[in-house]
Structure formats: C-alpha cells, structure tokens
Amino acid sequence: MSGAEDRRAPPPGRAAARRPVAPRLGRGLLLAAFSLLFVLYVAGPVAWLVSSSLQTEAQATAVPPNWLPPEPTLANFEAIFRAAERVVTYETRRQGDPATGGFLPTGAQNLLPSLRNSLVVGLWVAALNLLLSLTAAYAIAVIDFRGRRATLYTVLATRVIPDIALVVPLFLVIRALGLINSLAALVVTYLAVTVPFTIFILISYFEGIPRDLYRAARVDGCGHWGALRQVYLPLSLPALVAALTFAFLTSWNEFVFALVLTQNVEAQTLPIVISGFVMDFTTSFSFVNAAGVIAIVPPVLLAVLFQRYIVSGLTAGAVKG
Amino acid sequence: MPRLGYDERAAALLVFPVVAVLLVVAAFPILYSFWVSLHDVVLTRPLRRPFVGLDNYLRVFADERFWIAVARTTVYTVVTVAATTVLAVLVALLLNEAFPGQRLLNALLLLPWATPSVVNGLMWKWIYDPSYGLLNGLLVQLGVLERYRAWLGDPDLTLLLIANAAVWKQMPLAALLLIVTMKAIPEDLYRAAKVDGAGAFRRFLHVTLPALRPGLMLVLVYETMISIRHFDLFLIMTQGGPGDASFTLSWFIYVETFRSLRFGTGAALSYILAMATFLLSYLFIRFLGRRL
Amino acid sequence: MATIVCEGLTKRYGAVTALEALDLTIAHGEFMVLLGPSGCGKTTTLNLIAGLEEASAGRLLFDGRDVTWLPPHRREVAMVFQSYALYPNKTVFENIAFPLRLRRTPRAGIERAVRAAAEQLEIAHLLDRRPHQLSGGQRQRVALGRAIVRNPAAFLMDEPLSNLDAALRLSMRSLIKRLHHQLRATFVYVTHDQAEAMTLADRIAVMRGGLIQQLDTPEGIYERPANLFVAGFLGSPPINLIEGRIEDGAFRRAELRLPAPRAEPGREVVLGLRPEDVEAPAPHLIPLAGRVELVSPLGSDTYAEVSGPAGTSLTLRVPKGWRVREGEGIEVGVDPARLHLFDRASERRIA
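Residue numbers (full-length UniProt numbering), protein chains in the order written: chain Z, 1 to 321; chain G, 1 to 292; chain D, 1 to 351.
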C-alpha cells in the first residue's frame, strides 16, 4: 500500500478516490489489457470473415493479407442475391474472373432458397417448440400427478442422448415415413432436440412463480388451462422469449441432421449449402465468406437483441439439466 | 388403481403432445437403433437383414480404425475441455469485474455462441488456409514464420487446430455459467479474506475457486459431453484427414453409415459412443464432484 | 354458504401421512380455526377443502353434496393467503374482478360488485394501482376483496396475517372478525398463532402430526386442554408442567404435595399450572412458595420466574399490586380446581 497517496485529502463525495492510486492504476491497466485480448480473441475471427467478404477475390487472396478491405465492395453479396438470375454452367464459370469475385460455385443459386428453408424451419420450430413445451412444463412444474417423475426423466433422457447416436436411426425412421428431404422432417427432428431444453428452462422459471398465485387462481375459478394462460403465461415472458430464441438459433445452426435428412434445394438449409461451398475447391473464398456472413447475421442479431433473456435462460436451463 | 382426478386427466392432456413427439423422434429411434445394431443392415441390400447378435460390436472392437478413433477422440476431447475450462475461468474473472465497457464485452461474448458451427468451421479453415490464410499472413508479417505453411495438413497440428475452433465457440457458454456461479459468492467472504490479509491471488485460490466448484463441475460434464460427439468441424475442415489424423469416433460413425452404408456397425458405434458419454459424465459426477 | 363435512379425510405423500382420517364438521356460518405448528396438517386440510390437493381417502361434503373429486374451480370457495397472492400483472380492480370475470358476470355487475367490496374494505382509492405499489396491509385488503366479491360457499384463510407487522395484525384481525359477522358465512382459518385463534374462533381444532388433538371452543381448549400438547401450545407464557406421581390422593414430587383426590394412586402424571392461575394466598388456596429468579414486567402484567419446591422452575404471574424483587422469596396461593393433571405415558388429561 502506498502510504504517501493515502495521506492526501480525498476529493469530497468520491469514496473510490480514497483508494491508493497505484493499485487502482494497475488494476485499470490489467483490465484494459485483458479486455483487449478478449475482444481480439472473440471478435477477431469474425471481423476477418466480414473484412474478407467485403473484398474482391484478388484482394482477399493477396499475400500478405489485406487486413481491411482496400476498397470495400458488396460484389460478393450482390452475387449471392443475384445468383438465381444467372445459369451457372461450365462456360459462365470460366468466364467469371476469379480475381473479381465473379467465380461462382455451382450451387450458388441454392443459397437463397436454402436461406428461405432455414427461416421457415426455424420459425416453425420456434413456434411449435414453445407450444409443446409450455403445456408440458406447466404440467410437470405445477400439477402433482402420477407419472410426473417418469415424464421428467423421459424428457431428461432424450436430452443426454448424443445427436450422433440419433442420426442413424432417425434417418431410417424418417426414410420409412417417406419424409426424407422435406422441411417437415427437419421441423420434427429439431423439436426433439429443442423441446427438452425449453422444458427445463420453463420448469425452472415456473417453479420460481409463487405457489400461492397458482392456488389463488384455482380457487378463483381457473382450471389448469386457465391458470396457465392467466397466471403462468403473462408472468414468464422473459423465459418465453429465451425459449423462442434458443429454438430458432438451434434450428438455424443445426448441421448433422440436416446433412443426413435432406438431399437437395427443396429442403436443404443454409449450413448444408454453405458446407457444400467450403468443400468445393473451386469456389472463390470471398464468395464463401460472404455466404458465411449472411448465415451469422440473424443469430447474432437475435443474440444481441435478447441478450438479457438468453443469458438468464441459458444458465437456468443448464443448471437444471 | 385409484381413480383419475381432474389433475391427472389435465396433466395427461398437457403432457401428451410432448411425449408423443419425443417417443416418435427420440425414444423409438433409440430403441430401433439398438435393433439395427444387432442386425446386419446394409442399405444397398434392403431385403436381407439377418440377425447377427453382437457381431457388429465385436467387429467394431476388432477394427483397428476404432482404436485410432478412440485415441483421436480422447486427445481432441481432453484438449478442448481443458482449454475451454481454463479460458472460461479467465474470461469469467474478467467479466465479473465492474469496469466501463464491461457490458459491451458481455454482449460480445455471445458472438461465438451464436455463430453457426458450419460458419465457425469455414471461418477457421479460411484463417488456417495454406495459401492465403490470416494465420500464415500474421506469422510471416511478425517474422515468426519464414513462409506459408499448410497448417491443417500437418498431422501433428490438425486436432489442435480443430480444437481451437471448437474452444472459440464453446467458451462463452462455459464462461456464462461460471459468471453466474461467481455472482452467487457472498461479498462477505471476500471481505473476511481481505481482513485476514489475503491478497488477490490468495482470495482467488481460497474463496473463488472453492465456491466455483459446482459451476466448474457443470462446465466439465457439459463440455465433455458435447466435445466427445463433435462432428460438424471435422466434416467442414478435414474430413478425418490428413491420413487418419482427425479420424474421430463421430466421423467414423458418419463414414461407416453414410459412405459405406453399413448401418449395423454404424448403429453399434453410435451405441458405444453414447454409452461412453454416459459413463464419463457419471464418473465425473461421482469422483470429481467431491474433490474438485 | 355451506356446512362442510370431512369424513375420514386422509392425505398421504408416498410414505408420509400428512393427514390421518380427519373427521370434522364445520357448521354453516361457523368460524373454525385450525391451529397447530408447521407440518401439523392444517394447511393440507385447507388445501383438501379447497380442492387444491386430491384426498388419498375419505370424503368431503358441502351441504351434503359430495365434492371430494371436484376440482377447485367448481367448488365455489374463496381463499386468502399469507403471501396475499395478488396477480402482479393486474391492477387492484382487475385482481378483485378476476373471479367474476371467470364466471362471465356482466360488466355492469362486476363494476358494482368490485366497487362495493372496495368500499367495504376502504380500498376504493387504490383500484387503479398495481400490487407492488401497495403496503402489506393494503395488499391483504385487496386479497380479502377478491374473496368477498363473490358469494363463496366458504372462506378459507391460510395464515392471512402472518406477514403483517404486529400493529397491523391486530386491526386486520378485527376487520376479519367484522367481515365474518357481516357475511354470516363459513370461515375456515389456518394459523399457528394462538392469539388469533382465541380471538377469532367459534371453535378451534388443535392439530399435530396430521391428527386433531382437540376440537372445542376457545374457552374449552384453554380451560380443559385434552392433552399435554394442547396444554403446552396454548397460553402465553406457556403452562408450567411438573412431573410427579399420585400418592394418597395427592400429587407428590419430593416435598411438593398438591391435592388430587380423583386420580388413581400410583400413577405417573404431569401436573399443569398456568402462570396466570395464582393469586394472593388465602385460606381456601394451597400455598406455593419459592424464590424469585427473574422479573419480567410487561406493563399490564408482571411475570416472575420462580425456583419453586422440589427443584421446579415455574413462571408465575405476580398478583396485582405486588412488588417483587429478584432474589427475594415469594408465596402465592393456588386454586386446586385450576390445576391440570395429565397421564405421563399417554399424555392425556385425567378427568
């Protein structure tokens, strides 16, 4: 402790200022240094992805790399959104100059349809997931019925089965149902993945709602449906927002099931089409990176928008699970 | 049997949809998968599916690729979980402090979490790129490296580089969990430790770390369970290569099932992986739960 | 309004029995208090009457109609809770109106009924507020309003005053008593507070371990406690209990000897003496002497902790006008008719 500074008269009304200056400065520097490292680590890779998506292919593949786009261009994004207008053939691909970013992958025109598929599946999953989980979570959290524990454990068990163990049998089941390569197959599958987690979030939230409110609602004249609608629903909006966001994000980001259960542009989602580009060696980097940026934007927007709900929901759900 | 009251009828009705969906999309496939693992199911030969008992399992255990995959998966999981946990503790310590901009950093933390794993894979693959990648560019510009390298092509580095991508995406959730645990530590404990003359490092060692135990436990179990079954990054970045350098169990399952179309052995492998996951998390809780 | 009859009402949770074959008839318009420590089964009883829990065995009748399997929203009972249980997202008006809305009461009727209830409870000026803007006492008035706004078969109250501070508790207590007089309805009131039970009840059911220990008027329970538990639970400060045995028609413990003519000789017993049942010594009273250890003046009364004969330690109310000092001797008189005798093994009162 630096006694010299301690003896100086503290500025009035600033409790913190009475602290010795040297350690405070040290702490500030330390925090600043770590904050900088943190930002570089977390945001750096994405920043580079965005940066290279705003460059022409020649700029993006320059040696040494252009850290920032020398002349930012939206050409890659334009190429994505206009891909459907051009038929990509061997000739047109040859014509496209790799150095200008006009070098399109064969599946380029699939990007927009797959974006649509991802949105449709995500919205359906979010809505159905909430509807299903809401009633089940209410029953498990609130009603005392025989089989309550069994139900809870069933839900829990499906949560701990690794996805990869489900892929093979699910493929066979979906195939037997004739649903391969359909959006419905994806929706149903993602429900199985998201519903258990949502149920956990909602249960832990419902258990935080005072039991007396439930009792009051029941004697006031609510049946179970009424208590759910009149008491639990209005009081758990944050959890509902979190659940909707998770379901959408999970389905938007999911890869393995979509890879196995879909075959073409009818049902393929964005991650599948993008992964196709990545593994195609002829695809221009700037184009793929632009596609990646498009895939990142919706989930990141949602995450920023609902940050508060997501953090509380994530931790509640995980602690329970 | 006692009669069904209003509560039980209502509960049955409310729970039915979920149970139905989970039975069809989760429970039935799991059981079906067990049936498949006991039969010789090959998709190119749809009519003949002879019962083979445990042959699929035995064949898997006799396959040297299986043991390679076990080794790769182990290395990958250990590296990923260890790095994620250590990094998450550091990040949690940073974000648990109050300083200007801390809220912004908290928001930023969700960026990797929200990034789709496919984009994560493509992003790092691009960074590692042998001819144009940022990693090469950076190291050469810094003078660390003389000329560009094929990072993912180096069998000694592949797993570590993939693990790095995984850690980047997984660290935020782990850090969030730890922050929540830290926030629950009573301020009085720190004040008591300060009065007792403990410096910052000792306070971390004697107050923060012990109180963090349940959070760390959760992080370890959770991260292990998801790392051991990672698949997306392997498909995007290396496809199991170079050679068998990133030939993990989940990649093995994929190749066996959807490239070789041997569903029987694929299902057996899936079961082995699922059981291993269960066993591991059980052991974690059983033995680390107390000591950590 | 209704007569409520419990017949062998039982509630089990797995191996734990919360309520064991309860038989209880609550008359129409009666104020019944269920009194007991936590875990005694009083709240379970209330929940069963409300229909919030389903009985494991037994029957429940409202005016002779079997309602055992009727869910709460079909039973027409109103309930008031310790935590008030106001809907935080609704205004006071909507809270009170809620039961009526669920019954599809016409809008004008709701408006009128809510206003009337609010006037009666003096909360008419709060109707637009939300629960979090109210004080505890105001919240409980709203909760009462939500109960009286409809005409329920019975009012069930689950420790409604336990969250209020002492002064408020007294005024709310008289408010509830007034409401009972005005409404002439059946009240079932759960509490662990003996003062509430004594002041409010027409009859009290003292409960422990899922069983009714005694069912009687407040006076009856105080004057003739059926067993040691009831004797100890009611009365403040609590009754003095002295172990001893019956010899030659008297209670004996070492040199202490008190007449007990009706008890059978040789029996191991516990003698109960309420602190307030001592007076200045008089010829018809039995003298009791000891040394004052601690004096607790309460203003209205003064209590003394006295080390009495035979190594007993007694709490006694000092007779009016006396001055006692710690360390000094004291001698009081005890009316033998006011002594309570209990069998030590069965803990039951000896008649």
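The set of hints was computed from the structure by calculation and includes no laboratory data. Every residue gets a Cβ at the ideal spot worked out from N, C-alpha and C, and that includes glycine. It is possible that part of the hints are untrue.
Claimed, not checked - In silico contact screen, one side only, chain D against chain G (beta carbon under 7 Å); selected entries: (1) Glu-54; (2) Gly-58; (3) Trp-69.
Status of each hint after checking the structure:
no.	hint	verdict
1	Glu-54	4 Å, holds
2	Gly-58	13 Å, violated
3	Trp-69	6 Å, holds
Violated hint for the displayed structure: number 2, the only one.
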